[in-house]
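> What follows is each chain in one-letter form.
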Amino acid sequence: MTDIALDRLPQAEPHPSYLTEGHTVASWLLTTDHKRIAVLYVLSITAFFFIGGLAISVVRLELLTPHGAFLTDEEYNRLFTLHGIVMVWFFLIPSIPTTFGNFLLPLMIGAKDMAFPRLNLISWYLFVFAGLMALYTVIIGGVDTGWTFYTPLSTFYANGNVIAAAAAVFISGFSSIATGINFITTTHMLRAPGMHWTRLPLFVWSIYATSLVMVLATPVLAMSLLLIVAERWLGLPIFNPANGGDPLLFQHLFWFYSHPAVYIMILPAMGVASEVLACFARRRVFGYTAMIFSMMSIAVIGFLVWGHHMFVAGQSPYANLVFSFLSFIVAVPSAIKVFNWTATLYRGSITLKAPLLYVMSFIGLFTMGGLTGLFLASVPIDIHVHATYFVVAHFHFIMVGGTVSAFFAALHFWWPKITGRMYPDAWAHYGAMTMFLGFIVTFLPQFIIGYEGMPRRYHVYPEQFQPYNVISTVGALILAVAYLLPLFYLTWSLKYGKLAGNNPWQATGLEWQTTSPPPKENFEHTPVVTEEPYFYEYETHEGKGS
Amino acid sequence: MNPFSFFSRVSGYAVAIDDFFFALVALSILVTAIVFALLIGFCVRYRAGSPHSGGPRPGLELEITWMVATFFLFLFVFWWAASSELQALHAPAGTLDIHVVAKQWMWKAQQPNGIREINEIHAPIDTPVRLIMTSQDVIHSMFLPALRIKQDVLPDRYTYLWFTAKKAGAFHLLCTQFCGTEHSRMTGRLVLMTPQDYARWSSTQQPSQSMAAEGETLFRSLGCSGCHGPNSSVHAPDLTGIYGHAVQLSSGRTITADDAYIRDSILLPKRDIVAGYQPVMPSYQETVSEDQIVSLIAYIKSLSDEHALNAKGERK
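Protein chains in written order, with our numbering: chain A, 1 to 546; chain B, 1001 to 1316.
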């Protein structure tokens, strides 16, 4: 292993960490260090997460009564649109890639920085500019199309600031594309000697697969948003049927990006789960090669399933069948990943630390989210539950139960590496359990009212659904507490937490073999890799057949 | 008895969908239970310091086993879903057709005999009923949860839903495509009645005119009869008996003269020219409303009814 030489060095020759490299505001805002940029991203997406969360808290309170309590229809519509736009484009899409991807990718492959450090900083500025533009949209009155911008509602009939919102999302897309290009190039060009493709940690593979989707899908989103602006602002006939346009064209373009976007959100989460499980089970990830193939096939087949969002849109019933079949196929690799994670624990030596608890919650909720995805891939069931709370529950299981749980797992796993401090483990356990409980209470009832027929995006709703909505709102309050908890104990740990040491979890992986927090150049000497990843002490050569 | 008996399900199709749904629920609960049991079981059995930790694990053969098993399980679910979709695809012949026009934020319906309704659709049970739907503005979606069916309603296009209900009563009718400010208020009732009650209800309502008669009036007042009428000197296709039949186009294609075709011919007459005719007809896009088109179609349809065809024969 490579750690022998590196572990002894810090005492012999202490060097400043990336955090102490400079203390001025300019040293942060003009940095090209991937680790500092990652921290900038953490701070900005956390702000957006709470803005999006606040918007939906108001919506959930309003839904306590079936006839509306304190919001007008228009305010209600603008709030759920705000929640959707902010959470999708300013939290979920950038969440794990721009923070942990940025921080860890160079460290994990033994590089000094990203391939294009300045492009990396530009990506953050683009993201922040887009985010401020989205907030400006809110200040001038908001937008009420839903995050999906369906035409001709968005191009002719909506009263909100559609053009400003579309511009914000358009710009954030360039941040995504630049980040994706940076990750792909870095993985190809900057791997340390001996870091073959078959020795890459699965988190690196997940970021690589995600980047491919980002680079290939995001331009289509950019095009469809430009076409909306062209029609709404300049009056070019594109989607409006009265002028010979086709409103369904927009849905095809939009979902061609927005379905792969779900994989931009979930693939990095899968990478995080693999790293954490191997470390706390002290074993190699079961089926390393199968894990790589499933991530790559999810990334590729994910481009061919967009039509399952349009089963009732007026698409040909035979096209529906094809998209249904492909959606079942894309679920196979996801199922295989769940089995492999479970099998990773088999004959391990397991310590149930906070990061593992978050990952357990990720696997459980992702499994439920994935299984309900099979319902939606089945055309006749989708016809009934499309655009109801069943769909809302399903995608929150994947995006919140899945991605957000994994985000917190990553935060707790790499926190000692990023900050050099440990958080109180007991508090982190409470946080993870509260989050799981709050999530289940919020979203499980939504499957039931969804199948009963409660439509999504409804401000007023039939009275029979009220009890379930009350349960959902109570769950949302628990969830709010669960999200605020880490904000407090993690902030507390920055000052008062125990010093973590270089490798508190005794994890393999190059990122753990440098100091915590790492120096600006990441490694004193470029590491040389001689082993496969996850070679933990409970591994035996005869046991790693897959 | 269904465990969720508070669901209303009023057609054989709805019952079949529920059976499929609850089978999938059972499967999902089983899989979730296995995953949770294994996760928790492994964490206990292989906790740090346990004598069971370590040792060889199964290899590629297990990986391939669950890969193949998952694939065939999913294939089976797909087959079940696809076969129930295909069975429900085509409405039987001779449906009772109700026209629906959606607009921000109301549903307008028109019964075959001309009765107009707003946010309400009356329909008989034990009879195949078809909704022929279009929108005046944005995309809406007609959702009838008690029948487990839904279809988006698009501007400038017809989409269809059909059902044969088995149980009378009043059920939700909801818009499920976000359509602007008052989207959540674009709701109404589907009133299902026994055929006798439906006949009684139809006769007590007083439509000013049947839809076809209204269409005939429009046919004259809009000037359609000037060219398409039997005594016209302009060379235009005779519309008697065309509804539901194949029409030869000048492009060489053949098209069935259904609602969508007639609607297109009124609004975009230059798109599909009938073979042997000149494209002389102006577009009525600015002149007629969706409601009027529906009446015009009903009139043209009535020209294909048996007695209309007989009358034509007598005239010759």
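In case anyone wonders, no lab produced these hints; they're calculated from the structure. Since this is a predicted model, take the numbers as computed values, not measurements. All C-beta atoms, glycine included, are put in the ideal place defined by N, C-alpha and C. Incorrect hints may appear among the rest.
To be verified - Stretch by stretch, here's where chain B covers chain A in the computed footprint (C-beta under 8 Å, at least three residues):
no., segment
1, 225 to 238
2, 315 to 324
3, 333 to 343
4, 349 to 358
5, 363 to 373
6, 410 to 419
Unchecked claim - Distance windows between CB atoms, simulated:
no., chain 1, residue 1, chain 2, residue 2, range
7, A, PHE70, B, ASP1258, 42 to 50 Å
8, B, ILE1255, A, GLU75, 28 to 36 Å
9, A, THR351, B, PHE1022, 36 to 44 Å
10, A, ARG118, B, PRO1269, 54 to 62 Å
11, B, GLU1120, A, GLY141, 31 to 39 Å
12, B, LEU1268, A, LEU30, 52 to 60 Å
13, A, LEU236, B, LEU1075, 41 to 49 Å
14, A, GLY501, B, PHE1022, 50 to 58 Å
15, A, LEU216, B, LEU1075, 34 to 42 Å
16, A, HIS429, B, ASP1126, 40 to 48 Å
17, B, ILE1255, A, VAL470, 50 to 58 Å
18, B, SER1289, A, TRP233, 23 to 31 Å
19, B, ILE1255, A, TRP233, 36 to 44 Å
20, B, PHE1036, A, HIS15, 43 to 51 Å
> Please go over all the hints and tell whether each is borne out by the structure.
Each hint tested on the structure:
1. Residues of the segment 225 to 238 of chain A lying with their CB closer than 8 Å to a CB of chain B number 0, which falls below the three-residue condition for coverage.
2. Coverage of the segment 315 to 324 of chain A by chain B holds in this model, with 4 residues showing a Cβ closer than 8 Å to a Cβ of that chain against a need of three.
3. Coverage of the segment 333 to 343 of chain A by chain B holds in this model, with 7 residues showing a Cβ closer than 8 Å to a Cβ of that chain against a need of three.
4. Interface restraint, the segment 349 to 358 of chain A with chain B: holds (4 residues with C-beta to C-beta distance below 8 Å; minimum three).
5. Coverage of the segment 363 to 373 of chain A by chain B holds in this model, with 6 residues showing a Cβ closer than 8 Å to a Cβ of that chain against a need of three.
6. A count of 0 residues in the segment 410 to 419 of chain A with a Cβ less than 8 Å from any Cβ of chain B is obtained; the coverage claim is therefore unmet, three being the minimum.
7. The supplied range of 42 to 50 Å is met by PHE70 of chain A and ASP1258 of chain B, whose beta-carbon atoms lie about 49 Å from each other.
8. Between ILE1255 of chain B and GLU75 of chain A the CB atoms are about 48 Å apart, so this pair departs from the stated range of 28 to 36 Å.
9. Between THR351 of chain A and PHE1022 of chain B the beta carbon distance is about 40 Å. The supplied range of 36 to 44 Å therefore holds.
10. Between ARG118 of chain A and PRO1269 of chain B the C-beta distance comes to about 60 Å, which sits within the given range of 54 to 62 Å.
11. Between GLU1120 of chain B and GLY141 of chain A the CB atoms are about 35 Å apart, so this pair conforms to the stated range of 31 to 39 Å.
12. Range check, LEU1268 of chain B to LEU30 of chain A: about 59 Å between beta-carbon atoms, so the 52 to 60 Å window is met.
13. Roughly 45 Å separates the CB atoms of LEU236 of chain A and LEU1075 of chain B, a value that falls within the hinted 41 to 49 Å.
14. Checked against the hint of 50 to 58 Å, the pair GLY501 of chain A and PHE1022 of chain B passes, with Cβ atoms roughly 53 Å apart.
15. Separation of LEU216 of chain A from LEU1075 of chain B is about 28 Å and departs from the stated range, judged on CB atoms against 34 to 42 Å.
16. Separation of HIS429 of chain A from ASP1126 of chain B is about 60 Å and departs from the stated range, judged on CB atoms against 40 to 48 Å.
17. In this structure the supplied range 50 to 58 Å holds for ILE1255 of chain B paired with VAL470 of chain A, their Cβ-Cβ distance being about 54 Å.
18. Between SER1289 of chain B and TRP233 of chain A the Cβ separation comes to about 29 Å, which falls inside the hinted range of 23 to 31 Å.
19. Evaluation of the 36 to 44 Å hint for ILE1255 of chain B and TRP233 of chain A yields a pass: the beta carbon distance comes to about 37 Å.
20. Take PHE1036 of chain B and HIS15 of chain A: their Cβ atoms lie about 46 Å apart, and the range 43 to 51 Å holds.
Violated hints, listed in ascending order, are 1, 6, 8, 15 and 16; each of the other numbered hints is respected by the structure.
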